[in-house]
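Based on the sequences and whatever the hints tell you, model everything.
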Amino acid sequence: MVNLFEHFDRETSILYDSLNLADQKAPTIVLVDDGFLPEEVITPYRFFAQYQAPKNGRPLYFNEVVVPRFWEIEGNNESAWVKDMSHKRAEIQFRPGEKRRHVSDVEWFNQQGQLQYVDHYTQHGVLFAQTVYDLRGEMILRRYFDQEGKDVIYQNFLAGAVVLNWQGQQYHFESNIEFFTFFIEALEIDLSHFVINSLGVPFSILYRFKHKGHDILYWQEDCRGHIPGNMELILNKETGLREMNIIIPDKEEYQVITNQLDDDQHAVVREGGYVYKYVGKNTHQPQIVTMTNTDQIHHVASIIEDCPFAQFHIGAVTEMSSELTQLERYKNVKLYQAIELSTVEKLYQKCDIYLDINEAGEIIDAVRKAFEYDMLILGYDAIAHNRTYTAPQNLFSKDNEAADLKQALRDVHLKKRCFKVRQQYQKTHANEITRKQFKAIHQLAYVQK
1 MVNLFEHFDR ETSILYDSLN LADQKAPTIV LVDDGFLPEE VITPYRFFAQ YQAPKNGRPL
61 YFNEVVVPRF WEIEGNNESA WVKDMSHKRA EIQFRPGEKR RHVSDVEWFN QQGQLQYVDH
121 YTQHGVLFAQ TVYDLRGEMI LRRYFDQEGK DVIYQNFLAG AVVLNWQGQQ YHFESNIEFF
181 TFFIEALEID LSHFVINSLG VPFSILYRFK HKGHDILYWQ EDCRGHIPGN MELILNKETG
241 LREMNIIIPD KEEYQVITNQ LDDDQHAVVR EGGYVYKYVG KNTHQPQIVT MTNTDQIHHV
301 ASIIEDCPFA QFHIGAVTEM SSELTQLERY KNVKLYQAIE LSTVEKLYQK CDIYLDINEA
361 GEIIDAVRKA FEYDMLILGY DAIAHNRTYT APQNLFSKDN EAADLKQALR DVHLKKRCFK
421 VRQQYQKTHA NEITRKQFKA IHQLAYVQK
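Numbered continuously in our numbering, the sequence shown closes out at residue 449.
Simulated from the structure, these hints should not be mistaken for laboratory data.
All figures in this text were calculated on a predicted structure; none of them were measured in a lab.
Take these hints with a grain of salt, some might be off.
[As the list claims (entries may be wrong)] Each pair of labels, with its calculated beta carbon distance range:
hint, residue 1, residue 2, range
1, 241, 25, 38 to 46 Å
2, 267, 64, 52 to 60 Å
3, 329, 414, 21 to 29 Å
4, 281, 342, 47 to 55 Å
5, 359, 267, 47 to 55 Å
[What the hints assert, rightly or not] Once the Cα atoms are required to be at most 16 Å apart in a straight line, the calculated EDC-like pairs of lysine to aspartate or glutamate come out as:
hint, residue 1, residue 2
6, 212, 185
7, 277, 372
8, 406, 306
By construction, the Cβ of each residue, glycine as well, lies at the ideal position given by its N, Cα and C atoms.
Structure representation (C-alpha coordinates):
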(Lines of atoms letter the chains of each structure in order from A; the text may use other names.)
(Lines give C-alpha, C1' and ligand atoms only; values in the text may rest on other atoms or scores of the structure.)
Protein backbone atom coordinates (compact mmCIF):
# COMPACT_ATOMS: atom_id res chain seq x y z
CA MET A 1 0.00 0.00 0.00
CA VAL A 2 1.14 3.54 -0.82
CA ASN A 3 -0.43 6.82 0.27
CA LEU A 4 -0.62 9.25 -2.66
CA PHE A 5 -1.57 12.80 -1.69
CA GLU A 6 -1.41 16.00 -3.73
CA HIS A 7 -1.03 18.38 -0.78
CA PHE A 8 -0.36 17.80 2.91
CA ASP A 9 -3.11 20.06 4.21
CA ARG A 10 -5.05 19.76 7.47
CA GLU A 11 -7.46 17.12 6.18
CA THR A 12 -4.63 15.05 4.74
CA SER A 13 -2.76 15.30 8.03
CA ILE A 14 -5.79 13.92 9.92
CA LEU A 15 -6.06 11.00 7.48
CA TYR A 16 -2.32 10.35 7.58
CA ASP A 17 -2.35 10.22 11.39
CA SER A 18 -5.41 7.95 11.40
CA LEU A 19 -3.79 5.49 9.01
CA ASN A 20 -0.66 5.34 11.13
CA LEU A 21 -2.55 5.03 14.42
CA ALA A 22 -4.63 2.17 13.00
CA ASP A 23 -1.49 0.24 12.01
CA GLN A 24 -1.93 1.06 8.31
CA LYS A 25 1.49 2.64 7.91
CA ALA A 26 2.74 2.87 4.36
CA PRO A 27 5.16 4.84 2.18
CA THR A 28 3.62 8.28 1.73
CA ILE A 29 3.99 10.40 -1.39
CA VAL A 30 3.09 14.10 -1.40
CA LEU A 31 3.22 15.59 -4.89
CA VAL A 32 3.42 19.28 -3.94
CA ASP A 33 6.31 19.95 -1.55
CA ASP A 34 5.85 23.04 0.64
CA GLY A 35 9.18 22.52 2.39
CA PHE A 36 7.69 21.68 5.79
CA LEU A 37 6.50 18.10 5.33
CA PRO A 38 7.15 15.23 7.77
CA GLU A 39 10.66 13.88 7.32
CA GLU A 40 9.48 10.43 6.21
CA VAL A 41 7.33 11.74 3.34
CA ILE A 42 8.52 11.19 -0.25
CA THR A 43 8.15 14.03 -2.77
CA PRO A 44 9.33 14.48 -6.36
CA TYR A 45 11.66 17.23 -5.18
CA ARG A 46 13.20 15.23 -2.34
CA PHE A 47 13.66 12.19 -4.57
CA PHE A 48 15.15 13.82 -7.67
CA ALA A 49 17.23 16.37 -5.72
CA GLN A 50 18.39 13.64 -3.30
CA TYR A 51 17.54 16.08 -0.53
CA GLN A 52 19.16 15.40 2.84
CA ALA A 53 18.25 17.25 6.00
CA PRO A 54 21.34 19.23 7.05
CA LYS A 55 22.89 18.27 10.36
CA ASN A 56 21.41 20.53 13.04
CA GLY A 57 19.17 22.04 10.36
CA ARG A 58 16.38 24.33 11.56
CA PRO A 59 13.88 26.76 10.03
CA LEU A 60 15.20 30.12 8.88
CA TYR A 61 14.44 32.90 11.35
CA PHE A 62 13.03 36.08 9.82
CA ASN A 63 16.13 38.21 10.45
CA GLU A 64 18.37 35.59 8.80
CA VAL A 65 16.98 36.24 5.31
CA VAL A 66 19.87 37.43 3.13
CA VAL A 67 19.29 40.99 1.88
CA PRO A 68 21.46 43.53 0.00
CA ARG A 69 23.71 45.81 2.00
CA PHE A 70 21.92 48.72 3.71
CA TRP A 71 18.51 47.11 3.30
CA GLU A 72 16.71 46.45 6.59
CA ILE A 73 14.40 43.76 7.92
CA GLU A 74 11.47 44.76 10.13
CA GLY A 75 8.69 42.63 11.52
CA ASN A 76 6.18 41.63 14.15
CA ASN A 77 4.60 38.36 15.24
CA GLU A 78 2.44 38.15 12.11
CA SER A 79 4.91 38.87 9.30
CA ALA A 80 8.10 40.69 8.40
CA TRP A 81 9.30 42.79 5.50
CA VAL A 82 12.45 44.07 3.82
CA LYS A 83 12.88 47.82 3.26
CA ASP A 84 15.22 49.82 1.06
CA MET A 85 14.98 53.23 2.67
CA SER A 86 11.21 53.90 2.57
CA HIS A 87 10.45 51.30 -0.13
CA LYS A 88 9.17 47.84 0.78
CA ARG A 89 11.16 45.37 -1.33
CA ALA A 90 10.01 42.06 0.12
CA GLU A 91 7.37 40.46 2.34
CA ILE A 92 8.54 37.61 4.58
CA GLN A 93 5.89 34.95 5.22
CA PHE A 94 6.01 32.93 8.43
CA ARG A 95 5.10 29.28 8.62
CA PRO A 96 1.56 29.05 10.10
CA GLY A 97 1.13 27.23 13.37
CA GLU A 98 3.15 27.04 16.53
CA LYS A 99 6.61 28.07 15.40
CA ARG A 100 6.77 31.83 15.40
CA ARG A 101 8.75 33.85 12.85
CA HIS A 102 10.00 30.82 10.96
CA VAL A 103 10.32 31.65 7.27
CA SER A 104 8.46 29.64 4.65
CA ASP A 105 8.42 32.12 1.75
CA VAL A 106 9.89 35.50 0.83
CA GLU A 107 7.95 37.57 -1.73
CA TRP A 108 10.24 39.96 -3.62
CA PHE A 109 8.89 43.10 -5.35
CA ASN A 110 10.22 45.19 -8.21
CA GLN A 111 10.75 48.95 -7.91
CA GLN A 112 7.09 49.56 -8.75
CA GLY A 113 6.00 47.38 -5.83
CA GLN A 114 4.78 44.52 -8.03
CA LEU A 115 5.41 40.89 -7.09
CA GLN A 116 8.39 39.63 -9.08
CA TYR A 117 9.34 36.27 -7.58
CA VAL A 118 8.99 34.19 -4.41
CA ASP A 119 11.76 32.25 -2.68
CA HIS A 120 10.62 29.06 -0.92
CA TYR A 121 12.46 27.61 2.09
CA THR A 122 12.41 24.22 3.81
CA GLN A 123 12.00 23.49 7.50
CA HIS A 124 15.81 23.23 7.59
CA GLY A 125 16.34 26.77 6.29
CA VAL A 126 17.30 25.63 2.77
CA LEU A 127 16.24 27.66 -0.29
CA PHE A 128 14.74 24.88 -2.42
CA ALA A 129 12.50 26.59 -4.97
CA GLN A 130 11.69 29.90 -6.64
CA THR A 131 8.46 30.96 -8.36
CA VAL A 132 8.51 33.76 -10.97
CA TYR A 133 5.45 35.95 -11.68
CA ASP A 134 4.43 38.20 -14.56
CA LEU A 135 3.28 41.82 -14.14
CA ARG A 136 -0.32 40.66 -13.64
CA GLY A 137 0.69 38.58 -10.64
CA GLU A 138 0.27 35.27 -12.49
CA MET A 139 2.77 32.44 -11.99
CA ILE A 140 5.04 31.87 -14.98
CA LEU A 141 7.49 29.24 -13.81
CA ARG A 142 8.93 27.51 -10.76
CA ARG A 143 12.47 26.18 -10.39
CA TYR A 144 13.52 23.61 -7.80
CA PHE A 145 17.18 23.50 -6.76
CA ASP A 146 19.30 20.80 -5.22
CA GLN A 147 21.40 21.66 -2.18
CA GLU A 148 24.24 22.80 -4.42
CA GLY A 149 21.97 25.34 -6.12
CA LYS A 150 21.62 23.45 -9.41
CA ASP A 151 18.27 23.31 -11.22
CA VAL A 152 16.57 19.93 -10.81
CA ILE A 153 12.93 20.55 -11.78
CA TYR A 154 11.64 23.34 -14.01
CA GLN A 155 7.87 23.82 -14.07
CA ASN A 156 6.36 25.99 -16.83
CA PHE A 157 2.88 27.05 -15.70
CA LEU A 158 2.00 28.69 -19.03
CA ALA A 159 2.70 25.58 -21.10
CA GLY A 160 1.86 23.10 -18.33
CA ALA A 161 5.18 21.38 -19.05
CA VAL A 162 7.91 20.06 -16.75
CA VAL A 163 11.65 19.64 -17.37
CA LEU A 164 13.66 17.29 -15.14
CA ASN A 165 17.46 17.11 -14.82
CA TRP A 166 18.26 13.73 -13.28
CA GLN A 167 21.23 11.39 -13.35
CA GLY A 168 22.97 13.33 -16.10
CA GLN A 169 19.96 13.38 -18.42
CA GLN A 170 17.23 15.89 -19.19
CA TYR A 171 13.62 14.71 -19.42
CA HIS A 172 10.72 16.69 -20.93
CA PHE A 173 7.12 16.10 -19.87
CA GLU A 174 4.07 17.66 -21.50
CA SER A 175 2.04 17.66 -18.27
CA ASN A 176 2.28 17.29 -14.51
CA ILE A 177 0.45 13.96 -14.75
CA GLU A 178 3.12 12.60 -17.10
CA PHE A 179 5.88 13.89 -14.81
CA PHE A 180 4.31 12.50 -11.63
CA THR A 181 3.74 9.12 -13.28
CA PHE A 182 7.41 8.97 -14.28
CA PHE A 183 8.37 9.87 -10.70
CA ILE A 184 6.20 7.16 -9.11
CA GLU A 185 7.52 4.51 -11.48
CA ALA A 186 11.10 5.66 -10.78
CA LEU A 187 10.56 4.92 -7.08
CA GLU A 188 10.39 1.19 -7.93
CA ILE A 189 7.72 0.52 -5.29
CA ASP A 190 4.71 -1.80 -5.22
CA LEU A 191 2.04 -0.15 -7.39
CA SER A 192 -0.83 -2.53 -6.61
CA HIS A 193 -2.54 -0.56 -3.81
CA PHE A 194 -2.86 3.20 -3.36
CA VAL A 195 -4.72 5.40 -0.90
CA ILE A 196 -5.74 8.79 -2.29
CA ASN A 197 -7.90 11.63 -0.95
CA SER A 198 -8.41 13.69 -4.09
CA LEU A 199 -10.28 13.24 -7.35
CA GLY A 200 -7.84 15.67 -8.94
CA VAL A 201 -4.22 14.85 -9.74
CA PRO A 202 -3.84 11.63 -7.66
CA PHE A 203 -6.97 10.11 -9.24
CA SER A 204 -5.86 11.19 -12.72
CA ILE A 205 -2.50 9.47 -12.23
CA LEU A 206 -4.09 6.17 -11.21
CA TYR A 207 -6.77 6.42 -13.91
CA ARG A 208 -4.03 6.57 -16.56
CA PHE A 209 -1.83 3.94 -14.92
CA LYS A 210 -0.83 0.97 -17.07
CA HIS A 211 -0.66 -1.20 -13.95
CA LYS A 212 -3.49 -3.25 -12.47
CA GLY A 213 -4.39 -2.50 -8.86
CA HIS A 214 -7.02 -1.86 -6.20
CA ASP A 215 -7.18 1.57 -4.60
CA ILE A 216 -9.14 3.47 -1.95
CA LEU A 217 -10.39 7.04 -2.20
CA TYR A 218 -10.92 8.72 1.18
CA TRP A 219 -13.38 11.45 0.25
CA GLN A 220 -12.74 14.37 2.64
CA GLU A 221 -14.34 17.18 0.64
CA ASP A 222 -17.86 18.61 0.37
CA CYS A 223 -19.71 17.51 -2.77
CA ARG A 224 -22.23 20.35 -2.28
CA GLY A 225 -25.08 18.02 -3.11
CA HIS A 226 -23.70 16.85 -6.46
CA ILE A 227 -21.58 13.77 -7.10
CA PRO A 228 -18.31 14.77 -8.86
CA GLY A 229 -17.71 13.40 -12.33
CA ASN A 230 -14.59 11.44 -11.41
CA MET A 231 -16.43 9.89 -8.46
CA GLU A 232 -19.09 8.66 -10.88
CA LEU A 233 -16.34 6.81 -12.77
CA ILE A 234 -15.50 4.94 -9.55
CA LEU A 235 -19.16 4.28 -8.70
CA ASN A 236 -19.79 2.89 -12.19
CA LYS A 237 -16.55 0.88 -12.15
CA GLU A 238 -15.12 2.73 -15.14
CA THR A 239 -11.59 3.25 -13.82
CA GLY A 240 -9.58 1.29 -16.35
CA LEU A 241 -7.07 -1.15 -14.93
CA ARG A 242 -7.68 0.05 -11.37
CA GLU A 243 -10.47 -1.14 -9.09
CA MET A 244 -11.49 1.54 -6.60
CA ASN A 245 -13.60 1.85 -3.48
CA ILE A 246 -14.63 4.93 -1.55
CA ILE A 247 -14.54 5.63 2.19
CA ILE A 248 -16.26 8.77 3.45
CA PRO A 249 -15.21 9.78 7.00
CA ASP A 250 -17.82 12.52 7.46
CA LYS A 251 -21.23 11.14 8.45
CA GLU A 252 -23.29 13.94 6.86
CA GLU A 253 -21.32 13.81 3.61
CA TYR A 254 -21.76 10.03 3.53
CA GLN A 255 -25.54 10.44 3.77
CA VAL A 256 -25.65 13.15 1.09
CA ILE A 257 -23.74 10.98 -1.39
CA THR A 258 -25.27 7.57 -0.67
CA ASN A 259 -28.81 8.97 -0.86
CA GLN A 260 -28.15 9.54 -4.57
CA LEU A 261 -26.87 6.02 -5.34
CA ASP A 262 -28.44 2.79 -6.52
CA ASP A 263 -27.62 -0.48 -4.76
CA ASP A 264 -24.67 -1.37 -7.01
CA GLN A 265 -23.10 2.06 -6.57
CA HIS A 266 -23.76 2.05 -2.82
CA ALA A 267 -21.77 -1.19 -2.52
CA VAL A 268 -18.63 0.72 -3.57
CA VAL A 269 -18.94 3.21 -0.69
CA ARG A 270 -18.32 2.80 3.04
CA GLU A 271 -18.77 5.16 5.96
CA GLY A 272 -15.53 5.78 7.83
CA GLY A 273 -14.11 8.14 10.40
CA TYR A 274 -10.84 9.19 11.99
CA VAL A 275 -8.59 7.98 14.79
CA TYR A 276 -7.19 10.54 17.21
CA LYS A 277 -4.32 10.23 19.65
CA TYR A 278 -4.83 12.51 22.63
CA VAL A 279 -1.81 14.06 24.29
CA GLY A 280 -3.60 14.42 27.62
CA LYS A 281 -6.66 13.12 29.44
CA ASN A 282 -9.53 15.37 30.50
CA THR A 283 -10.12 15.36 34.27
CA HIS A 284 -13.24 17.60 34.12
CA GLN A 285 -11.72 20.39 36.19
CA PRO A 286 -12.78 24.07 35.84
CA GLN A 287 -9.39 25.10 34.50
CA ILE A 288 -10.08 27.24 31.43
CA VAL A 289 -7.65 28.61 28.83
CA THR A 290 -7.93 31.13 25.99
CA MET A 291 -5.13 32.06 23.60
CA THR A 292 -5.47 35.46 21.93
CA ASN A 293 -3.65 38.11 19.93
CA THR A 294 -6.27 40.77 20.64
CA ASP A 295 -7.93 42.40 23.63
CA GLN A 296 -11.33 41.94 21.99
CA ILE A 297 -12.61 39.04 24.07
CA HIS A 298 -16.34 39.56 24.25
CA HIS A 299 -17.90 39.56 27.73
CA VAL A 300 -14.78 38.04 29.26
CA ALA A 301 -15.07 40.08 32.48
CA SER A 302 -18.73 39.14 32.83
CA ILE A 303 -17.94 35.45 32.30
CA ILE A 304 -15.15 35.59 34.89
CA GLU A 305 -17.44 37.25 37.43
CA ASP A 306 -20.29 34.79 36.86
CA CYS A 307 -18.01 31.73 37.10
CA PRO A 308 -16.03 32.21 40.35
CA PHE A 309 -15.59 28.43 40.57
CA ALA A 310 -13.31 28.46 37.50
CA GLN A 311 -9.69 29.47 37.04
CA PHE A 312 -9.15 31.42 33.81
CA HIS A 313 -5.79 31.40 32.00
CA ILE A 314 -5.35 33.91 29.17
CA GLY A 315 -2.24 33.75 27.01
CA ALA A 316 -0.87 36.01 24.27
CA VAL A 317 2.28 35.82 22.17
CA THR A 318 2.69 39.60 22.50
CA GLU A 319 2.49 42.09 25.34
CA MET A 320 -1.09 42.72 26.49
CA SER A 321 -3.01 45.98 26.40
CA SER A 322 -4.41 47.59 29.53
CA GLU A 323 -7.81 46.21 28.50
CA LEU A 324 -6.51 42.74 29.30
CA THR A 325 -4.06 43.47 32.10
CA GLN A 326 -6.84 44.96 34.21
CA LEU A 327 -8.37 41.46 34.35
CA GLU A 328 -5.69 40.61 36.90
CA ARG A 329 -7.89 42.29 39.48
CA TYR A 330 -9.85 39.04 39.56
CA LYS A 331 -8.45 36.36 41.84
CA ASN A 332 -9.45 33.59 39.44
CA VAL A 333 -7.52 35.01 36.46
CA LYS A 334 -3.92 34.50 35.42
CA LEU A 335 -2.40 36.29 32.43
CA TYR A 336 0.55 35.12 30.32
CA GLN A 337 2.07 37.91 28.24
CA ALA A 338 4.58 37.08 25.48
CA ILE A 339 3.97 33.45 26.34
CA GLU A 340 6.66 30.89 25.57
CA LEU A 341 5.75 27.65 23.82
CA SER A 342 6.95 25.66 26.82
CA THR A 343 4.44 27.54 28.98
CA VAL A 344 1.70 26.88 26.43
CA GLU A 345 2.39 23.15 26.74
CA LYS A 346 2.13 23.30 30.53
CA LEU A 347 -1.12 25.26 30.32
CA TYR A 348 -2.66 22.78 27.90
CA GLN A 349 -1.67 19.91 30.17
CA LYS A 350 -3.32 21.66 33.11
CA CYS A 351 -6.58 22.90 31.55
CA ASP A 352 -9.70 20.93 30.64
CA ILE A 353 -11.75 23.61 28.86
CA TYR A 354 -10.79 25.86 25.95
CA LEU A 355 -12.81 29.06 25.45
CA ASP A 356 -12.76 30.19 21.82
CA ILE A 357 -14.15 33.69 22.39
CA ASN A 358 -11.50 36.05 21.06
CA GLU A 359 -11.82 38.14 17.92
CA ALA A 360 -9.11 38.34 15.23
CA GLY A 361 -7.10 35.35 14.08
CA GLU A 362 -6.22 32.15 15.84
CA ILE A 363 -2.70 31.80 17.24
CA ILE A 364 -0.52 28.68 17.61
CA ASP A 365 -3.29 26.52 16.12
CA ALA A 366 -4.92 26.86 19.53
CA VAL A 367 -8.25 25.09 18.91
CA ARG A 368 -6.80 22.03 17.21
CA LYS A 369 -4.21 21.82 19.96
CA ALA A 370 -6.98 21.97 22.57
CA PHE A 371 -8.72 19.07 20.82
CA GLU A 372 -5.50 17.05 20.83
CA TYR A 373 -5.19 17.65 24.58
CA ASP A 374 -8.73 16.28 25.04
CA MET A 375 -10.12 19.63 26.19
CA LEU A 376 -13.78 20.54 25.91
CA ILE A 377 -14.00 23.40 23.38
CA LEU A 378 -16.70 26.02 23.94
CA GLY A 379 -17.04 29.32 22.11
CA TYR A 380 -19.04 31.86 20.16
CA ASP A 381 -20.72 30.73 16.98
CA ALA A 382 -20.02 34.04 15.22
CA ILE A 383 -16.24 33.85 15.61
CA ALA A 384 -15.39 30.13 15.89
CA HIS A 385 -11.83 29.70 14.64
CA ASN A 386 -11.87 25.99 13.86
CA ARG A 387 -15.22 24.32 13.28
CA THR A 388 -13.60 21.00 12.41
CA TYR A 389 -13.02 20.36 16.10
CA THR A 390 -15.81 22.45 17.63
CA ALA A 391 -19.26 20.87 17.84
CA PRO A 392 -22.17 23.12 16.80
CA GLN A 393 -23.86 22.28 20.12
CA ASN A 394 -20.88 23.84 21.92
CA LEU A 395 -21.07 27.19 20.13
CA PHE A 396 -23.21 29.97 21.58
CA SER A 397 -24.48 33.46 20.88
CA LYS A 398 -22.67 36.54 22.18
CA ASP A 399 -26.05 38.11 22.91
CA ASN A 400 -27.39 38.77 26.40
CA GLU A 401 -23.90 38.92 27.95
CA ALA A 402 -23.17 35.38 26.68
CA ALA A 403 -25.83 33.95 28.98
CA ASP A 404 -25.99 30.56 27.22
CA LEU A 405 -22.23 30.10 27.35
CA LYS A 406 -22.17 30.98 31.05
CA GLN A 407 -24.93 28.44 31.71
CA ALA A 408 -22.99 25.76 29.85
CA LEU A 409 -19.92 26.49 31.99
CA ARG A 410 -22.01 26.18 35.14
CA ASP A 411 -23.60 22.95 33.93
CA VAL A 412 -20.34 21.19 33.10
CA HIS A 413 -18.94 22.28 36.46
CA LEU A 414 -21.89 21.02 38.50
CA LYS A 415 -22.61 17.85 36.53
CA LYS A 416 -19.87 15.59 35.25
CA ARG A 417 -22.44 13.97 32.98
CA CYS A 418 -23.04 17.30 31.23
CA PHE A 419 -19.30 17.67 30.69
CA LYS A 420 -19.08 14.20 29.15
CA VAL A 421 -22.13 14.78 26.94
CA ARG A 422 -20.68 18.00 25.51
CA GLN A 423 -17.33 16.34 24.96
CA GLN A 424 -19.04 13.49 23.14
CA TYR A 425 -20.73 16.04 20.87
CA GLN A 426 -17.22 17.21 20.03
CA LYS A 427 -15.82 13.75 19.30
CA THR A 428 -18.83 12.78 17.20
CA HIS A 429 -18.58 16.03 15.24
CA ALA A 430 -14.90 15.26 14.53
CA ASN A 431 -16.00 11.83 13.17
CA GLU A 432 -14.00 9.89 15.74
CA ILE A 433 -13.99 6.09 15.57
CA THR A 434 -11.80 3.48 17.25
CA ARG A 435 -8.59 2.09 15.80
CA LYS A 436 -10.25 -1.30 15.44
CA GLN A 437 -13.17 0.19 13.50
CA PHE A 438 -10.90 2.21 11.21
CA LYS A 439 -8.71 -0.80 10.45
CA ALA A 440 -11.71 -3.04 9.71
CA ILE A 441 -13.32 -0.49 7.35
CA HIS A 442 -10.02 0.11 5.56
CA GLN A 443 -9.27 -3.57 5.05
CA LEU A 444 -12.81 -4.40 3.92
CA ALA A 445 -12.58 -1.70 1.26
CA TYR A 446 -9.53 -3.46 -0.20
CA VAL A 447 -11.07 -6.93 -0.37
CA GLN A 448 -14.45 -5.65 -1.61
CA LYS A 449 -15.18 -6.34 -5.28
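Verification of the supplied hints:
1. 241 x 25: 38 to 46 Å: violated, 26 Å
2. 267 x 64: 52 to 60 Å: Distance hint for residue 267, residue 64 holds at roughly 56 Å.
3. 329 x 414: 21 to 29 Å: holds, 26 Å
4. 281 x 342: 47 to 55 Å: Check failed, 21 Å falls outside 47 to 55 Å.
5. 359 x 267: 47 to 55 Å: holds, 48 Å
6. 212 x 185: holds, 14 Å
7. 277 x 372: holds, 7 Å
8. 406 x 306: holds, 7 Å
This entry does not satisfy hints 1, 4, going by the numbered hints stated previously.
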